[in-house]
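Top line first, the protein sequences correspond to chains A and B. Just so we're aligned: 6 in full-length UniProt numbering is position 6 of the first sequence, and the numbers increase by one with no gaps anywhere. Just so we're aligned: 206 in full-length UniProt numbering is position 206 of the second sequence, and the numbers increase by one with no gaps anywhere.
Since no wrong hints were added, every one of them can be taken at face value.
Treat identical chains as interchangeable: a pair holds within one or across any two.
No more than 25 angstroms apart at the CA atoms, straight line, and that leaves these computed lysine-lysine pairs for DSS-like:
(1) Lys93 / Lys237
(2) Lys276 / Lys41
(3) Lys257 / Lys238
(4) Lys220 / Lys92
(5) Lys276 / Lys220
(6) Lys92 / Lys237
(7) Lys220 / Lys201
(8) Lys237 / Lys257
(9) Lys220 / Lys41
(10) Lys93 / Lys205
(11) Lys205 / Lys220
(12) Lys201 / Lys93
Calculated from the structure, these hints are not laboratory results.
2 protein chains.
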Amino acid sequence: MHLHYWSLFDGHAGSGAAVVASKLLQHHILEQLQEIVDIMKNSAVLPPTCLGEEPENMTANSRTLTRAASLRSGVGAPGSPSTPPTRFFTEKKIPHECLVIGAIESAFKEMDLQIERERTIYNISGGCTALVVVYLLGKLYVANAGDSRAIIIRNGEVVPMSSEFTPETERQRLQYLAFMQPHLLGNEFTHLEFPRRVQRKEIGKRMLYRDFNMTGWAYKTIEEDDLKFPLIYGEGKKARVMATIGVTRGLGDHDLKVHDSNIYIKPFLSSTPEVKVYDLQQYEHGPDDVLILATDGLWDVLLNEEVAEAVTNFLPNCDPDGPHRYTLAAQDLVMRARGVLKDRGWRISNDRLGSGDDISVFVIPLIHGNKQSLNKQ
Amino acid sequence: MHLHYWSLFDGHAGSGAAVVASKLLQHHILEQLQEIVDIMKNSAVLPPTCLGEEPENMTANSRTLTRAASLRSGVGAPGSPSTPPTRFFTEKKIPHECLVIGAIESAFKEMDLQIERERTIYNISGGCTALVVVYLLGKLYVANAGDSRAIIIRNGEVVPMSSEFTPETERQRLQYLAFMQPHLLGNEFTHLEFPRRVQRKEIGKRMLYRDFNMTGWAYKTIEEDDLKFPLIYGEGKKARVMATIGVTRGLGDHDLKVHDSNIYIKPFLSSTPEVKVYDLQQYEHGPDDVLILATDGLWDVLLNEEVAEAVTNFLPNCDPDGPHRYTLAAQDLVMRARGVLKDRGWRISNDRLGSGDDISVFVIPLIHGNKQSLNKQ
Numbered sequence: 001m002h003l004h005y006w007s008l009f010d011g012h013a014g015s016g017a018a019v020v021a022s023k024l025l026q027h028h029i030l031e032q033l034q035e036i037v038d039i040m041k042n043s044a045v046l047p048p049t050c051l052g053e054e055p056e057n058m059t060a061n062s063r064t065l066t067r068a069a070s071l072r073s074g075v076g077a078p079g080s081p082s083t084p085p086t087r088f089f090t091e092k093k094i095p096h097e098c099l100v101i102g103a104i105e106s107a108f109k110e111m112d113l114q115i116e117r118e119r120t121i122y123n124i125s126g127g128c129t130a131l132v133v134v135y136l137l138g139k140l141y142v143a144n145a146g147d148s149r150a151i152i153i154r155n156g157e158v159v160p161m162s163s164e165f166t167p168e169t170e171r172q173r174l175q176y177l178a179f180m181q182p183h184l185l186g187n188e189f190t191h192l193e194f195p196r197r198v199q200r201k202e203i204g205k206r207m208l209y210r211d212f213n214m215t216g217w218a219y220k221t222i223e224e225d226d227l228k229f230p231l232i233y234g235e236g237k238k239a240r241v242m243a244t245i246g247v248t249r250g251l252g253d254h255d256l257k258v259h260d261s262n263i264y265i266k267p268f269l270s271s272t273p274e275v276k277v278y279d280l281q282q283y284e285h286g287p288d289d290v291l292i293l294a295t296d297g298l299w300d301v302l303l304n305e306e307v308a309e310a311v312t313n314f315l316p317n318c319d320p321d322g323p324h325r326y327t328l329a330a331q332d333l334v335m336r337a338r339g340v341l342k343d344r345g346w347r348i349s350n351d352r353l354g355s356g357d358d359i360s361v362f363v364i365p366l367i368h369g370n371k372q373s374l375n376k377q
Numbered sequence: 001m002h003l004h005y006w007s008l009f010d011g012h013a014g015s016g017a018a019v020v021a022s023k024l025l026q027h028h029i030l031e032q033l034q035e036i037v038d039i040m041k042n043s044a045v046l047p048p049t050c051l052g053e054e055p056e057n058m059t060a061n062s063r064t065l066t067r068a069a070s071l072r073s074g075v076g077a078p079g080s081p082s083t084p085p086t087r088f089f090t091e092k093k094i095p096h097e098c099l100v101i102g103a104i105e106s107a108f109k110e111m112d113l114q115i116e117r118e119r120t121i122y123n124i125s126g127g128c129t130a131l132v133v134v135y136l137l138g139k140l141y142v143a144n145a146g147d148s149r150a151i152i153i154r155n156g157e158v159v160p161m162s163s164e165f166t167p168e169t170e171r172q173r174l175q176y177l178a179f180m181q182p183h184l185l186g187n188e189f190t191h192l193e194f195p196r197r198v199q200r201k202e203i204g205k206r207m208l209y210r211d212f213n214m215t216g217w218a219y220k221t222i223e224e225d226d227l228k229f230p231l232i233y234g235e236g237k238k239a240r241v242m243a244t245i246g247v248t249r250g251l252g253d254h255d256l257k258v259h260d261s262n263i264y265i266k267p268f269l270s271s272t273p274e275v276k277v278y279d280l281q282q283y284e285h286g287p288d289d290v291l292i293l294a295t296d297g298l299w300d301v302l303l304n305e306e307v308a309e310a311v312t313n314f315l316p317n318c319d320p321d322g323p324h325r326y327t328l329a330a331q332d333l334v335m336r337a338r339g340v341l342k343d344r345g346w347r348i349s350n351d352r353l354g355s356g357d358d359i360s361v362f363v364i365p366l367i368h369g370n371k372q373s374l375n376k377q
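Bound-form chain A, shown alone (with noise of 0.2 angstroms):
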């Protein structure tokens, strides 16, 4: 099977955990896909539910059954005739491409683990975010933890492929975990928002929050524990997490505490990626249909629009068949971000400021997933 990688980390509090990720997470990933390549290869056939077992037809067991009446069949409640009394089970059909969504999110897992296990012996340091791209059989699996960010630009439009996860976004899970698990908060902070700090004055006042289930928001009379940082707190790129960091999944972190404290960040980020995913096969592809991974850098002074228009105006010009023209673009985009330095800092277009942030840019093009599953039919 043929299998391509494209990877982009990008660390925060040392460079350690982007250096490893950025070698072993290739690894990780096809150590999980060995177990299913077989599966994934027998396309006709949907995955086994069970390995190393003949499929068959299941009786349910008495308990089965018990639980199996329902509360609305089970209460007199005239059921859908589309819902018939369940007697026999079935099984939920998985398709191929899941397995592959599972195997990137388990490898994300195990790369977080490793650097848990080795970072003291190997001095891993800091985190990092992670954006991974695996093609395999024709689909593009675009995997993000993190505020990286993956665009398709097609015909010269724009395929959003990944979402940010940042505090404002991951803002209702990070409180309910710090509602359900409060020790995890280390009596410093509240998991309740509100729209600035709290003063001691204002005890006894009433004031706006926001609880994890919460999307409107409401008064409440402050209390003393109120007066406690706030879990989530700041806007924008500002958004902080304990008051210390602005994303919240990636790998590492596990040393990462709350300054001058004994309070642990790492609770609170998750390793898992989401994972899109995009059928090559579904369209026809042109030399200057791409995909773009970039970083924050980027993505904090360019609109989506801005880059696909800047690459769409950029690849024609380029000679179709130079080798670099892909290459070409990236470094165009990159400059287009860090602008040029004048009297007052470096500017961008529209006198805008250029990203003092880091800024990595993958153009990938897409023509290559035409011929290969040309290829292969």
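Go by the hints and put chain B onto chain A.
Here is chain B on its own, set in the frame of chain A:
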């Protein structure tokens, strides 16, 4: 202030909760809105963060400054110029709309607490879903907790105004809760998902599973613990939490237990609605533009598009000034979902099975929204 209110409750395991909620939920909503009525009227000024306090510039205290020394700027990484070091803390600006959303969310919580408090005295049985629409200051707030559904039909096009909360759509929330608080499973259930029941003879074999943080599937070695009944089991309309309930948000159900056990279901159920906002003043509405609320009995057998087509065909044939035209359209929808009794049961269009569930439908004209807002301007 003008306020309009519609509500739809679908009971299960007894009618008590549905009846009580249909009589009292609006009072909780009014009570919550009471506190913010003056703020809502004053639409020119953003809602105050703290009530009874003059706005002032806050200077951060030293503790705050320490905490603000966040990871990215704290470890020598180049800070982006768009995020200068924070010296003075800004205040999050909360728009008026968010206060109405918060008020409705709080009202649902209070309603559920009242049912919990009074269920024994007043013998309030069962639980119910709740779909509520509040009209306030030119906007519709559609709040949904359960598996009813609201759609707007505008110019024959469907605008979804709610999503459903079921064991399948809320799988990850439920598994996460069970993972973090395993005692809620009463040693009878496992938070892991399997494509079918695991049999004892399969211990030691590799079977597909899905954990709370996975969207894909992977193989794991079956252990004794995996023989427990899965927290989430079944597909589509047959999906159940703890083999008992097929809807995961709503009111009531405080006494609901797993059949033949002492395990309560309520900790897994949420009373929080999802609130979507529709700005009536953003569009001009004709006499055939409507908001439709209906219980799952309708949506189980008819697609959004079929409902839109039916209404779009029905309304123009009614007297435009007839006082019952929207009621007639609602009745038409109910009959389309119930079908007619034939040799082989109740049948709807294309010889599909009709709904055997109860079916409640509201068809609410949006054209009065125009007029009302115009009157006010």
